[in-house]
Structure formats: C-alpha cells, structure tokens
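**Q** One-letter residues, chain by chain:
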Amino acid sequence: MKNYTSINDIDNINNWIAEAKTLKESPLKDIELGKNKTLGLLFFNSSLRTRLSTQKAALNLGMNPIVMNVSGDAWGIEFGDGTVMNGNTAEHIKEAAAVVSQYCDIIAVRAFPSLTDKVKDESEYVLNAFKKHASVPVVNMESATGHPLQGLTDAITISEHAKTKKPKVVLSWAPHIKALPHAVANSFTQAMQKMDVEFVIANPEGYNLSPEITGDTPIIHDQNEAFKDADFVYVKNWSSYDDYGKVLNTDPNWMITKEKLGDAKFMHCLPVRRNLIVEDAVLDSDSSLVIEQANNRTYAAQLVLKKILKNL
Amino acid sequence: MKNYTSINDIDNINNWIAEAKTLKESPLKDIELGKNKTLGLLFFNSSLRTRLSTQKAALNLGMNPIVMNVSGDAWGIEFGDGTVMNGNTAEHIKEAAAVVSQYCDIIAVRAFPSLTDKVKDESEYVLNAFKKHASVPVVNMESATGHPLQGLTDAITISEHAKTKKPKVVLSWAPHIKALPHAVANSFTQAMQKMDVEFVIANPEGYNLSPEITGDTPIIHDQNEAFKDADFVYVKNWSSYDDYGKVLNTDPNWMITKEKLGDAKFMHCLPVRRNLIVEDAVLDSDSSLVIEQANNRTYAAQLVLKKILKNL
Amino acid sequence: MKNYTSINDIDNINNWIAEAKTLKESPLKDIELGKNKTLGLLFFNSSLRTRLSTQKAALNLGMNPIVMNVSGDAWGIEFGDGTVMNGNTAEHIKEAAAVVSQYCDIIAVRAFPSLTDKVKDESEYVLNAFKKHASVPVVNMESATGHPLQGLTDAITISEHAKTKKPKVVLSWAPHIKALPHAVANSFTQAMQKMDVEFVIANPEGYNLSPEITGDTPIIHDQNEAFKDADFVYVKNWSSYDDYGKVLNTDPNWMITKEKLGDAKFMHCLPVRRNLIVEDAVLDSDSSLVIEQANNRTYAAQLVLKKILKNL
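Chains as they are written, first to last, in our numbering: chain P, 1408 to 1719; chain Y, 1408 to 1719; chain D, 1408 to 1719.
For the record, the hints were derived by calculation from the structure and aren't laboratory data.
Hints are supplied without guarantee of correctness; some may be wrong.
Pairs involving identical chains hold if they fit within one copy or between any two copies, as the list cannot separate such chains.
Stated by the list, open to error - With a Cα cut of at most 20 Å, we get these calculated EDC-like pairs of lysine to aspartate or glutamate:
(1) 1575 to 1426
(2) 1635 to 1699
(3) 1714 to 1529
(4) 1538 to 1691
(5) 1573 to 1638
(6) 1653 to 1638
(7) 1667 to 1687
(8) 1601 to 1437
(9) 1525 to 1638
(10) 1444 to 1480
(11) 1539 to 1687
(12) 1501 to 1699
(13) 1713 to 1512
(14) 1442 to 1531
(15) 1570 to 1488
(16) 1667 to 1512
(17) 1667 to 1488
(18) 1665 to 1488
(19) 1573 to 1623
(20) 1665 to 1437
(21) 1409 to 1619
(22) 1667 to 1619
(23) 1431 to 1512
(24) 1409 to 1693
(25) 1538 to 1512
Same shape as in the complex, but just chain P:
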C-alpha cells in the first residue's frame, strides 16, 4: 500500500481488523520500524482526536511527528492549474506538496469540504493534489468526502463488541444546527459494506447520501423501523447531499434517546453535541462505545502507518 486515502484502500477488512487487534495488545512491538522517520501532519481544519491519536500512533512506531496548522502556521495554498497568483494564495500545491515531501517520510492531511460546491468537493482537489504532487505516501485525516481512519476504527470497534456472527448495524442521521460534511457517514457506510453485517441507513427524506456510496444498502426513512433488533446504532449528522450542503431538517424527533436505542450499542465519531444529537442518558450509560472508538483511533492510525512504513 502506498497511500491510505479511502476505505477502498483496505484490501481485506477482516485481516486488517485482526492485525489492529494484535497491535492493540502490544502497541510498542514495532517501535523500531519508524525510527528516524518523520510523519508530517498538515491540518487545514481543526482537530482533537485525529491530531492526538495520529501523533500517538506515530510515537508507538518510533516515528517523529511534526504538526502544522497550514492556515495559521504558513499561508494560503493555491490549487488551481495555470492560475496567475496575484491574489491571496502565496504558494502552489505543486511546490508545497513536493517541498513537504523533502522533510517528511509520510504526509497526513486534513481538509474539509466547502459544502457549497459539490463538484469541487467531490473532486477531492486538496487530497488528490497531495497524492499527485507529493513524492511520499499520503494519509487522509478526513477529506471532503471521506474519513477512512475513522471508518477503519469503527470497523475494529464493532468487531470487538459484536455478540452475534452477523450483527445488525444502523447508521442513523441525527439533527444538528450546522451544515456538516458527509465524510464520516460515507466512510462508515463503505466499511460496513465490506464487513459481514446486516447494514441499513436511517435518515429523513432529502438526506440520502450519495448513491455512489450507498449502492445497494437499504435506506429507511422511519428511524424506529430501522432500529428494530439493532445491535449497533452509529449516529452522525450530515447536511443534505441532494440539496448540497443545506440544513433542511432539525427535527428533534430524530435525536437518539435511551428508549429508542433499546439494547443496541451507541456509536459516534465525536465531537458530539449532547442533547441535540443524543441525550445525556445514552452517552452516560454503558451502551455508549464512543470512548472505545476514540481509543481505537490510535490503532487504526498505527496499522495504516505500519503498512505504509513496511512499503517504504
């Protein structure tokens, strides 16, 4: 594997999950593998979990992580081809990506979508520019349309907590006041499609994810119906895909409650807004796996970095 930028880069998810569990048991066993190797973490957007867990993963592999907040620490990056750069951008991604490749053995990038220009967002122009112009491997720390480190994390967590051979997993939309990206929902959907689970998506009308992502996965507009006999309920808000980036619905009836959840486990990538997405009673109960998920972020990142390091 050279880059890890999509769930599609996982060749066999069951093998990956098994490897991640092994790493989790002895996180320091590969500490010589990344010695004197540098991981550059470039943030175009804010980050807590990804920032810390990816650094921790790098340290577990003996790597030196170097963090940069691109906008705050440096300057505006130009992505257009042939642009006359007489505006606000001071460096072209062609140079920036090649330059960072001189100092880092792996580059990890976070760049959120605009949510105003679907075509541009779906082109993944930031991530793809790094893939094209960097001379070293690139890891996606959440891009416009995917968050594959989170998707891998969630697959690991479900595998750890599954009590049946083929658990039922529901991805449920929940209300939010702001327009949020589709990245987490997309990567979770792709991960579940690769696993041996019964997977359905619950969202209001007007909130279907991209059909290229959902494929044959059943989409149910009645949350109660979807939750029936669920083992895992993975919750996330996203803005409308069809009416791109719009908040069409903030119906509080879609908030997750303990009553709705029943015996299912609750999952969320965090950060989560309490009593808007989900009531306190869920997060404060044993049904919640959110902290387990956060913990597994380290091992998902570590597995990805390990696979890349082995190929360097």
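Given chain P, work out where chains Y and D should sit, using these hints.
**A** Frame of chain P; chains Y and D shown alone:
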C-alpha cells in the same frame, strides 16, 4: 500522588525541595522513567515559560510531550451539565477529557479565570472537570485560583537563596493596567505558609486576597513597613478579590524600586511589565532572581511529573 | 562559532559546502551529537520550509525541537530600552530571551522587517536583542535583512549543479503585488560574493539593493543582457530599498519565462507565485531547482546546528 492541582497536594514541602535540588543536579537521571509515556499539554490560554519548561521537564524524563492550543487547534468545549448543545460549543468536557486520556498518560491543563464571575471561577470548573472526567492524572499549569507549579518553583528558589534559617518573605502587590488573576499570589501564599519563613503580604486596601487563602498571614497596607528587614520580596499584581476582578488602584507609588528593595532579593513569576511593576534598575541588578525562578520551573515540573509517573 | 545570524558567520564557504554534502550523504551519522539537547524555534512570522527543514535537521542530530509561534502562543514582546510597559507588550525581550535560554540549548528566531522603518529594520533589533540577552547560541531563521540559512542552501545547490568551474549566476528581481523583504536577496548576494562565480544582479531602476550589500557586484537594469550565458538564474521579488518598502514597479515583462531562461537553471527560495514571478513552464520543467533547494534547507540547517553543538 495522582493529580497535582494545588499546593495542598504537596505532602512535605521540605522533602520536595530537597528532591527538586537533587533533580537539578542531574536532570537526566530518570530519563528511562517516562519512556514511551505521553504528556498532553492543553492550553486554553497563552503561555511561554510554562509551555517550554513543562515540555523540557517531560523530555528530561524521557516522555513525549504533545502540545495543543485548545481554542486554536480544536473547538469550543462545553462544561455545563445537561446543556442542550445548540450554541458555540461543539464537544462536552465529559468526552474531551475521556478522549484525551486515551492518548496521554498525564494531562496538563492551563485555564485562566473569567475574573467576572467569582463563584464560577472559584468552582475551578475547568480543572475539576478534567479531574473528574479524565482517566489519567491531571497537572495544573495555572487554573482560575492557583498556579502550584509556580508556587513550588518559588519555594525551591527561596530555599536555594536563603542566607538565614528563617528568612523574611514579603508578597507585595504592584500596580498594573489590566485585571490580573489571583492564582500566582494564592499559590505563593500557600507555599510560604508551609515553609519555615516569616511571611507577610503587602497590598493596598481593597486588595486583600481571599481570606481562605491568607488565613493567619499578616496583611500590611503600608509597603515600606512590610519591606523592613525583608530577605525576599515577591512581587505580583492582582485585581481586587472583594470587588471581584476590578482594577481599583494603579498607584505608581506601589511600583518596586531599587531604593525600596534595599538588600532584599526581588522575585516575580514573569512576564513582568518593566517600569510599571518594577523599575529597570531592579531587574537589571544582581538582586533579581527572576531568571533563576524561570530555570527552576523545569525542576518543579520535573519533580511533579516524576512523582506521578512513579505512581502510574 | 557561537551564533549563526549572517552569511558573514561562514568562515570558509567552500569548506562548509563540502561538509554539507557529506552530511547529505549520511544525514544520521551525528545523531548522538544533539542527544538530550533542545532547539527552540521561535516564529514571529509564518513559515513552512524553515519550520519543517529546521525541525528535520534537529531530529537528524538527535535534538528535541520545540516550536513556538510567539504571537499566537504567548504575548507581545517589548524591545524598547527603558519603556514604561503600560501598553500592549507584556514581556520584555531581556526576560524573554533569558528565560527561553533556560529551556533551550539553541534558540532559532524568525522575525520579518516592518518595511516601513528602514533604520529600525536595519538595526535588526529583534535578532540582536536575542543575541544580546540570550545566554545560548542564536540562529537566524530569517530576520529583517538576512536569511543566511537560505543563502547557505543556495550556495550548496549551485555547487551541486555547476557544470563549469566558474559558473555565471544572475540574481534577478521579478514582479510581485506585495511589498516583500530584502532578506533573501541580501543573503544570496553575500553568499555569491564568497563563491568563485561570475555574479551579477538584474533589477529595474529604483530597485537596487543596499549598496552595503551589493558592494562591487555589477547591477544591470536590462534583464535580457544580464541573462546572457547565465548558468543559474536566481529569482526573487523585493520592494524598493531606496524608496523603502514601496512597490514602484509591477512590470510583467520582468516575469521569468522559459524563453528568457534559455539553458540556465532556475532557482527560487519559495514560496513562489506562479505566473506572476515565473511562468508554469519554467517551474514544471527540468530547468527548475526549487525542490532541490528546499531539500538542501535541511542540510544547511543541520550543518549550522552541528557546528554550534560542537562548540557548546
């Protein structure tokens, strides 16, 4: 010791001072102790000395420090219980503290007071939320009401420079144009109360610190009287405690001069505003211990981290 | 060598270039030299290459780099002598430099000029204050009037790519919309003056660099004439020196094109604005050495740090 969040966490200050001096002589002797352990430094506010000295202390113990400016690098944290999070905060401290605990073996936090809401500030809601919701030890890098790494530093510095068995130490208020917290003055007072020194506080009327902190310590409103026969003059501005957070007095007669200081040593936690708090002639003379204090910040932090690491 | 703050700190540039090439061949051979030593990188201004390459250099030497964005992470620093600090600055450089020296074995500083006050900029008050008040060596990561890590980098790069014994090197001004500093052009000029090259400067009238820098170097106002038989064309915009900090000319005829460049190699310190400073066809061709230059930033910094470490 699990957490270090107050001078009251010091069981025996003389033993701690002695241990710190030993560390200072051979700072790298415990470099194996923190190997593959991570210290998360979370800053809700600016920092120079604390930021650098605590990282240096961690490195001396072989730890990996990871720094985060919470507001700049991540997003608004919610501290309220039961809040419907439909405003500006995106993550609850319950999750944030538990999540950071997945990646860090010790969490150090800086969070200043509002100086507008005494009850809220004195509740130490940020620090206490970390203590409650983090699953790893918490270190106070200056909270609303205390700066115990500084207080320990100052105790070490006084012990190193004392020429008599029971030196006279004065904590003196000095003028400033902005409303400043009470944290440094509080922790210094608490540290001196634990040491074998003659300790008095000099401040204008209306500027007494919290009586819960000052206890039996004499408070003198005449600076000259207080400075008589002083061996150490520790200077700091703070805003009014009674008229909470207000600047009632900027009387330049309270500025520290070489003449006033006499043979006493001058101490200040820094940053210090020259010719407002203290005249150049003091800081530029051999009477000033401020750089010694800054140096001792490393060993105070290192001692605290060492004690916590030994208990992990 | 104690400090590295100017090209004039290089005693013998040919020896330095030879040493840097040796380092580049085995970058990790001195990894024990900087063990348990800390490099403080203080940024008063944005940085990409310098930030990453200097950290990488420190890591190659086994050092611990600690990065601080002075304005964002801490507070305003006062540089005036005798100032009554009742304004926006909260700490004097006398304390700040001495304090940072307690935690770092070497301090590296970036501080750009105002471009509004020539006398103040040329006094190099930030850099010189660090040299004066720090008790540890100081490295210039680009100051008001010089960028000697870049100048050394460029000398190494020219030496690597020279095909004749005494190549012709042209420093050419190119148009830009903003007022830019003279630091890179100054240090490049000083570096070339120390090397065995035929060196000329091409710039429009009104754009001569400081005569103290250019000395006997020919200055040609006709770009085509200057480029004749050039082996290396080093391009950089700078604002007027005589009419200090002003943008007098944005003539697109001074932009570098493939046609103008001919068989010469193109060099630029980056970031570079495409199709304003230089057309795409140059940067996207084999004539461009800009990524080589970026790579050599690591070895220039590593050589400087190594020389300083050896003298500690």
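**Q** Are there hints from earlier that the structure breaks, and if so, what are their numbers?
**A** 1, 2, 3, 6, 8, 9, 10, 14, 15, 16, 17, 20, 21, 22, 24
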